[in-house]
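Keeping their order, the protein sequence lines are chains R and S. Heads up, the first sequence is in my numbering, so the first residue is -19 and it goes up one at a time. Heads up, the second sequence is in my numbering, so the first residue is -19 and it goes up one at a time.
Calculated from the structure, these hints are not laboratory results. Fair warning: there could be bad hints in the mix.
The list treats identical chains as one, so a pair stands whether inside a single copy or across any two.
What the hints assert, rightly or not - In silico lysine to aspartate or glutamate, DMTMM-like type, Cα no more than 20 Å apart, as pairs:
#: 1; residue 1: LYS116; residue 2: ASP91
#: 2; residue 1: LYS(-11); residue 2: ASP94
#: 3; residue 1: LYS361; residue 2: ASP263
#: 4; residue 1: LYS54; residue 2: ASP4
#: 5; residue 1: LYS345; residue 2: GLU357
#: 6; residue 1: LYS39; residue 2: GLU269
#: 7; residue 1: LYS11; residue 2: GLU125
#: 8; residue 1: LYS162; residue 2: ASP205
#: 9; residue 1: LYS361; residue 2: GLU38
#: 10; residue 1: LYS271; residue 2: ASP192
#: 11; residue 1: LYS316; residue 2: ASP(-10)
#: 12; residue 1: LYS39; residue 2: ASP263
#: 13; residue 1: LYS325; residue 2: GLU367
#: 14; residue 1: LYS162; residue 2: ASP290
Note that the structure is a prediction, hence the values are computed from the model and not measured.
Chain residues, written in single-letter form:
There are 2 protein chains.
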Amino acid sequence: MPIISRRGKDAYTSPIRHLGPYADAAKAKGKHVYHLNIGNPDINTPTLALEAVRNAAEKIVPYSPSKGFTSYRKKLVGYYKKFGADLSYEDIIITNGASEGILFSMFSCLDAGDEVIIPEPFYAIYNAFCYVSGVKIVTITSSIENGYALPSAKEFEACITPRTKAIFICNPNNPTGCVYTKEELAALGEIVKKNDLFFFVDEVYREFSYEDKFYSVLNFKDLEDHVVVIDSVSKRFSACGARVGALVSKNPNILENVNKYAEFRLSPPHFGQVLAEATLDVDESYINEVKLEYVKRRDYIYSRLAKMDDVICKKPNGAFYILAKIPIDDSVKFCKWLLTDFEYKKSTVMLAPASGFYATPGKGKQEVRLAYVLGVETIEKAMDCLEVALKEYPGRTPTEKVVTNGVLKH
Amino acid sequence: MPIISRRGKDAYTSPIRHLGPYADAAKAKGKHVYHLNIGNPDINTPTLALEAVRNAAEKIVPYSPSKGFTSYRKKLVGYYKKFGADLSYEDIIITNGASEGILFSMFSCLDAGDEVIIPEPFYAIYNAFCYVSGVKIVTITSSIENGYALPSAKEFEACITPRTKAIFICNPNNPTGCVYTKEELAALGEIVKKNDLFFFVDEVYREFSYEDKFYSVLNFKDLEDHVVVIDSVSKRFSACGARVGALVSKNPNILENVNKYAEFRLSPPHFGQVLAEATLDVDESYINEVKLEYVKRRDYIYSRLAKMDDVICKKPNGAFYILAKIPIDDSVKFCKWLLTDFEYKKSTVMLAPASGFYATPGKGKQEVRLAYVLGVETIEKAMDCLEVALKEYPGRTPTEKVVTNGVLKH
Chain R
-19 MPIISRRGKD AYTSPIRHLG PYADAAKAKG KHVYHLNIGN PDINTPTLAL EAVRNAAEKI
41 VPYSPSKGFT SYRKKLVGYY KKFGADLSYE DIIITNGASE GILFSMFSCL DAGDEVIIPE
101 PFYAIYNAFC YVSGVKIVTI TSSIENGYAL PSAKEFEACI TPRTKAIFIC NPNNPTGCVY
161 TKEELAALGE IVKKNDLFFF VDEVYREFSY EDKFYSVLNF KDLEDHVVVI DSVSKRFSAC
221 GARVGALVSK NPNILENVNK YAEFRLSPPH FGQVLAEATL DVDESYINEV KLEYVKRRDY
281 IYSRLAKMDD VICKKPNGAF YILAKIPIDD SVKFCKWLLT DFEYKKSTVM LAPASGFYAT
341 PGKGKQEVRL AYVLGVETIE KAMDCLEVAL KEYPGRTPTE KVVTNGVLKH
Chain S
-19 MPIISRRGKD AYTSPIRHLG PYADAAKAKG KHVYHLNIGN PDINTPTLAL EAVRNAAEKI
41 VPYSPSKGFT SYRKKLVGYY KKFGADLSYE DIIITNGASE GILFSMFSCL DAGDEVIIPE
101 PFYAIYNAFC YVSGVKIVTI TSSIENGYAL PSAKEFEACI TPRTKAIFIC NPNNPTGCVY
161 TKEELAALGE IVKKNDLFFF VDEVYREFSY EDKFYSVLNF KDLEDHVVVI DSVSKRFSAC
221 GARVGALVSK NPNILENVNK YAEFRLSPPH FGQVLAEATL DVDESYINEV KLEYVKRRDY
281 IYSRLAKMDD VICKKPNGAF YILAKIPIDD SVKFCKWLLT DFEYKKSTVM LAPASGFYAT
341 PGKGKQEVRL AYVLGVETIE KAMDCLEVAL KEYPGRTPTE KVVTNGVLKH
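Modelling step: build the complete structure from the supplied sequences, incorporating the hints.
Next comes the structure, spelled out in structure tokens:
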């Protein structure tokens, strides 16, 4: 038998995905599983956008241009303008979801062996794209005790080595739900400029900032050569399966490289682009209603978690995730146990173990991520499960108590 | 300004794509351009498949499973059975077009520095995927003089080094139009087994074999551990923009690795899969009519080329391409000249310079690829242009005459 590649054998696999078969087995036994483990929202995709696909009159489904439909790219200029960004359509390249945007950023800007600084916890799949491109992740730990605030500029600076080529953040943040301020971003921008780094910002949750106005790094005129924004319609229009994202940059060298990679894979998907282009005609009321719905869910899930014994969490102000520190020995073990050994009223809840969001070994063992992508009534039942589970779990271990500045419940 | 990556800067770019701006400029001047340069067919996508997308009743467009819709994978088992392959749906992973299938094959089976043997001329974008994955292409030249027949097993064997990990062929072949026989494939299979290699076969043109019955490598029971078939709905259902392909293998180690890469990018496109699944219900008469149409076009384009002075070509029996050796100094120069300096009846023709299909420097300078993806009446006008152009072209250089076994016109 021929020997498969070492890189394939050693490739990153998500600890969250490992739980999938256990969830399937639980369902096969008739157990209902509340999926708070993945950001696949239950919100309806805008009817107008679905209609655009249903009304598509084409008789042939041809390749689109590698950079995406020109009409869509032109229309996106207006969308970003609403966030203060002054773009030309040539600054925008359509990608197969944000996933491809991240991969293209890595390949276009960084060489194997280069380092990228990412504050942890971070979206686990960044590991995969850095692995594929041979880029080394250097991490700074933010912690639940201060609400996962962005580490200080000083802490970023301390991580810089001759191989550092980029800083990479997600704003609003998955998995922490933090929304970064203009000032915090500007402070990072100074480091980026001073050290001639790239500044990758994953803004796929850009519409989901609940208390503060979201500030896009595309507004920093002095960072135009450095900034690469990764975006997607997946979350904001509940269209994860459309596979349509965008990579935005004002740096022509980056765009030239990204375009090469875009040409390799010929084109982004046709119908996804038809849908995505139509989302730009969707009335603002859609997103406002969706935001209100998420606020309701967030407030509810937070209030339930806050009442549970020995659970530490802060109310997040963006995206649709909440991280909670819970009294368990090991989040991977606990999340598996929920599926294999626990049930309450013939149901259980599926969560994401937070250890997958940390690069530092051992971190996140008492943390889980909950995606509030289901309605309040469903979350209620899921929280009932969790509450009972935490009492029954044999590996219960008190959470470390930490002195804090008042944002935490103990 | 931050310095972009060396790998991005040095990345492969297709010599065919370079011509795009010249075509745009020609059109802007009011010149009509006949596109015989790219395999983007003018054949209608089956109505039944388009209807499936139009009738899609979903209110949300969620991620599909990373491996693709299970229902689609199960249905594909029946499709491949028609070609003699005995598969389980678990042997099939849905990809973003064949492009992603090739990339996943490289990453999953080969390490950087490994060698893959590919007979040339070959589909230019293989270069790109080998570049991205750091895989070295070792090539054996097949030539127009014997109709680009598959080089002998002996020639393949002579290329094997300790780093050789795979043989990669396209059957039916793009750009040559050759269809390989069971015996030729079996001979390669022996080498594959003897040397414990992977056997990558791009079968995206599997439906387009005109004189002989197409034989899939999936039929070789003794090669199950070695074979990876790359497939796509793009060409056979004229749905290049659907971005739906498949990677097929019976080797569990390969599938396990491919699945990791599939998980990184979350899922293939939703609507593309809706369309692709529906194509499996399309009546056989669709593909039979399409084949008849291509045969008509092939016979016509061949008859025209064969009549042109000093043009060498063989009638291909598969795919929808024909390579011709024409009396010019340099195919890149000539194809550019057609767009920038030539016109006949306010029109010109766009072709693909064959040098892009060779890895050996200097090869293909007198060859061009013509994609017969347009109707006979349009091809007629395009051939009128080419006939006049070859007379007017200032770099006219006689084609080398070669003694042959009678398949050539001189």
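A quick look at each hint next to the structure:
{"no.": "1", "hint": "LYS116 to ASP91", "result": "both (10 Å within a copy, 18 Å between copies)"}
{"no.": "2", "hint": "LYS(-11) to ASP94", "result": "between (22 Å within a copy, 15 Å between copies)"}
{"no.": "3", "hint": "LYS361 to ASP263", "result": "neither (33 Å within a copy, 48 Å between copies)"}
{"no.": "4", "hint": "LYS54 to ASP4", "result": "between (43 Å within a copy, 18 Å between copies)"}
{"no.": "5", "hint": "LYS345 to GLU357", "result": "neither (29 Å within a copy, 69 Å between copies)"}
{"no.": "6", "hint": "LYS39 to GLU269", "result": "between (36 Å within a copy, 16 Å between copies)"}
{"no.": "7", "hint": "LYS11 to GLU125", "result": "neither (35 Å within a copy, 67 Å between copies)"}
{"no.": "8", "hint": "LYS162 to ASP205", "result": "within (18 Å within a copy, 55 Å between copies)"}
{"no.": "9", "hint": "LYS361 to GLU38", "result": "neither (45 Å within a copy, 26 Å between copies)"}
{"no.": "10", "hint": "LYS271 to ASP192", "result": "within (13 Å within a copy, 60 Å between copies)"}
{"no.": "11", "hint": "LYS316 to ASP(-10)", "result": "neither (23 Å within a copy, 45 Å between copies)"}
{"no.": "12", "hint": "LYS39 to ASP263", "result": "between (29 Å within a copy, 17 Å between copies)"}
{"no.": "13", "hint": "LYS325 to GLU367", "result": "within (13 Å within a copy, 79 Å between copies)"}
{"no.": "14", "hint": "LYS162 to ASP290", "result": "neither (34 Å within a copy, 68 Å between copies)"}
Checked against the numbered hints above, the structure breaks hints 3, 5, 7, 9, 11, 14 and satisfies the rest.
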